[in-house]
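Asker: Letter by letter, the chains look like this.
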Amino acid sequence: MIPELGHYALVLALALGLIQSVAPIVGAKTGDGALMRLATSTAIAQFLLVGFSFLALVICYVTSDFSVATVFENSNSQMPFIYKVSSVWGNHEGSMLLWVLILSLFGGLVALFGNNLPATLKANVLAVQSWIAATFYLFILLTSNPFLRLPQAPMEGRDLNPILQDPGLAVHPPLLYLGYVGFSIAFSFAIAALIEGRIDAAWARWVRPWTLMAWMCLTLGIAGGSYWAYYTLGWGGFWFWDPVENASLMPWLAGTALLHSAVVMEKRNALKIWTVLLAILTFSLSLIGTFLVRSGVLTSVHSFANDPRRGIFILGILMLFIGGGLSLFAWRASTLKQGGLFAPISREGSLVFNNLFLTTACLTVLVGTLYPLALEAVTGEKISVGGPFFNLTFGPLFIALMFAMPFGPLLAWKRGDLLGVAQRLMAAFAVGLVAIAAAFAIKGGASVLAPFGVGLAFYVMMGAIIDLVERTGLMRLPMATVWTRASGLPRSAWGTAIAHFGIAVTLLGIIGAAAWGTERIVSIRPSDTVSLSGYDLTFDGIFEQSGPNYNAQVAKFTVREGGVALGQMEPQKRNFSARETSTNEAALMTRGVGQLYLSLGDANKDGSIAIRLYYKPLVMLIWLGGVIMMLGGALSLSDRRLRVGAPKPAAKAALQPAE
Amino acid sequence: MTRKQRRLVLIGGSIGVLGLAIGLVLNALSGSIVFFNSPSDIKEKHIAVGTRIRVGGLVKDGSVQRGDNLRIRFDVTDGKNDVAVRFQGIVPDLFREGQGVVAEGKMEPGGILDADTVLAKHDERYMPKEVVDALKKSGRWEESEGKVAGGKTQ
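For the record, the sequence lines run as chains A and B.
Per our numbering: the first sequence ends with 664, consecutive numbering throughout.
Per our numbering: the second sequence ends with 291, consecutive numbering throughout.
Calculated directly from the structure, the hints in this document are not laboratory data.
One should not assume that every hint holds.
Claimed, not checked - Straight-line C-alpha distance at most 20 angstroms; calculated SDA-like pairs for lysine to any residue:
id, chain 1, residue 1, chain 2, residue 2
1, B, K141, A, S339
2, B, K182, A, G385
3, A, K387, B, S177
4, A, K387, B, G242
5, B, K217, B, D178
6, B, K243, A, P393
7, A, K387, B, K180
8, A, K419, B, G150
9, B, K180, B, K197
10, A, K387, A, W246
11, B, K243, B, G226
Work out the full structure: start from the sequences and follow the hints.
Answerer: Laid out in structure tokens, this is it:
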């Protein structure tokens, strides 16, 4: 009964979605307030219905109802509760349901909190949002129904792919989807603006918080996914330039550009057309990402199953929204009025520079991701494009961007003084140079370029600090004045500095782990000791352990540094009987911001076992930087400016009767 | 500066950056991509010594020889032709004789591939797509053998 109810709720959501796709636009055209207001109710109702549908699926998984096909395929009654829940989206059908759940959530949020929007804009935005929602409901109902029943309910499920039986699955996909799908709001706002043929600085102020929220989730989602891959794949890599990862990186790059261009539009009323285009492109890249991952053109752990119908359907959706969005843009963009003027050397100019490099870097990632697919389709030749390609293309562009980054916030609007800014950045240059010299002095650096990367990272960090010092007048003014200036500084200024600091922290982590990391791959017998970067690991032996739905072989190692025992590391191999598969669980030991990383290879007949041991200094900074960036975004999101025009709760409360 | 001049600066800058990116991409494409080959392709094409390639197929039954220091040698077959592969390190968990495998490395004299990466399937449904295609080409693949699900792994 429950699966049928869930299915039915989704059908109802589709019906509401179709109504919401048309009625509000008609209302906005004819000035019919009732039709426009309809969108608010239907958007909230859509969210409740999809939420109910999703809950129904969760109940099916939690109660292990194996009469439902997807539950049978992807769950098992022996699994711990958390994996029963997360396996809801550990498969194609469920993950698409999560996708539309988040889509309808954002629609509902705009409906609820968009009261300060002009009525016609809100109606149009919700209608466009509903076009997207309705197409995806249709996609699920026609090709990927998660509620399909099996004629006879099996006794036991086939279990979730063991590699996905990890807390990472509970966090990574929802965050990533919040990011991907969150950009749909920016898209809807852009299309609504094109429909209305009107756009102003206030538009950017409405779009920015949504984009910022999506960007924060995507940042955290990508960082989380990277950490998950790092500890689960067993060889210590944290980014593989895998097409599926690129699929999430591209919307992030475009979304970052969008965040910056929206600032120009909001503050100076310039770059309007470009911002609208960027909003369309960012969501288009999210859709391309969904297509790449969900259609089965790529084989990866993310593409759960191949069904050509799905690929063609998603390709259709892709063409409809990207093609439609860009056509509308080409047709209507000229109606949007051009805004403020600025000199090339100015804050605006620096943000244009940022946009140029971010979108170009995004383009190189797109080429590297799609070129192998295109080449195979055209010539049948199969190639792999990996790290070396992206290091040579994405790398230089991003380095240029990082170098320019500290200049931006210090330049004045309209017309800036490059030389003056360079003088104020003297301290940052000095810190960078000292860092380069220090990095050269440290032995063991593998690459000649690495110290320069370290220098760049410290220069950007110092640049972010200088930005704050300049703004608060620290070192120049008395402490009391500094304090008032610091507390009066807009939170978005703090957010900018913190986010810029964060990306430099990530860069430092990447360079530290890549250039100063050490590794040993050896075969080891019980009571033997292996040494790496000052750590001695003694192999104590292998023990059996049984988990809820697997049996594990646990290898115990005692770690010592200079004779002092630090603790145990216990990498394991887990054998999952339901799928006759095994997974490799690496053991991690965090030392400061570095990590010891140990994973198991094959056991030999003579009792020895192959191990991979890595020491990765600074590696934790990679993800810490992501968290710092996210916090910068959060601070910026809490800025008063982004709430300007919001209804004043105090005045409203006075009119309400006491309860 | 007039509006027109400013626009020119902007457009000129954009074209410059785009040109730079195109240059970087073309340069990278000529030097850093790796072609995939089936064992039969390698036999036909006479790949130059020192070229980086990927080869995919099945690990030939009875061909795996393990040496000291985690050295391993095996043959990759597509049913018609074989390629010898040499590797030092830890092979993936599901590396077995008769199973699909992809190896990447440099061609050595004598037609041996000196691999630095060996990829294998990591669950019972997964067969590297390249392997499936290589087997289909040589007529050794039956659709009933299994679906191609996926995974990135080493």
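Asker: Given the hint that A:K419 pairs with B:G150, test it: the Cα-Cα distance must not exceed 20 angstroms.
Answerer: At roughly 18 angstroms apart (the allowed maximum being 20 angstroms), B:G150 and A:K419 satisfy the hint.
Asker: Take the C-alpha atoms of B:K217 and B:D178, compute the straight-line distance between them, and say whether it is at most 20 angstroms.
Answerer: holds (11 angstroms)
Asker: Between the alpha carbons of A:K387 and A:W246, is the straight-line distance 20 angstroms or under?
Answerer: holds (17 angstroms)
Asker: Does B:K141 pair with A:S339 here, judged by a C-alpha cut-off of 20 angstroms?
Answerer: holds (17 angstroms)
Asker: Hinted pair, alpha-carbon criterion (20 angstroms max): B:K243, B:G226. Please report holds or violated.
Answerer: holds (16 angstroms)
Asker: Given the hint that A:K387 pairs with B:K180, does the C-alpha gap stay at or below 20 angstroms?
Answerer: Holds - the C-alpha atoms of B:K180 and A:K387 are around 17 angstroms apart, at most 20 angstroms.
Asker: What's the verdict on B:K180 and B:K197, does the C-alpha distance respect the 20 angstroms limit or exceed it?
Answerer: Holds. B:K180 to B:K197 sits at ~17 angstroms (cutoff 20 angstroms).
Asker: Mind checking the alpha carbons of A:K387 and B:G242 for me, to see if they're no more than 20 angstroms apart?
Answerer: Since the Cα atoms of A:K387 and B:G242 sit roughly 15 angstroms apart, the hinted pair holds (cutoff 20 angstroms).
Asker: So if I understand the rule, the pair passes when the alpha-carbon distance is 20 angstroms or less; does B:K243 with A:P393 pass?
Answerer: holds (15 angstroms)
Asker: Does B:K182 pair with A:G385 here, judged by a C-alpha cut-off of 20 angstroms?
Answerer: holds (15 angstroms)
Asker: A:K387 and B:S177: Cα distance at most 20 angstroms?
Answerer: holds (14 angstroms)
Violated hints: none; the structure is consistent with every hint.
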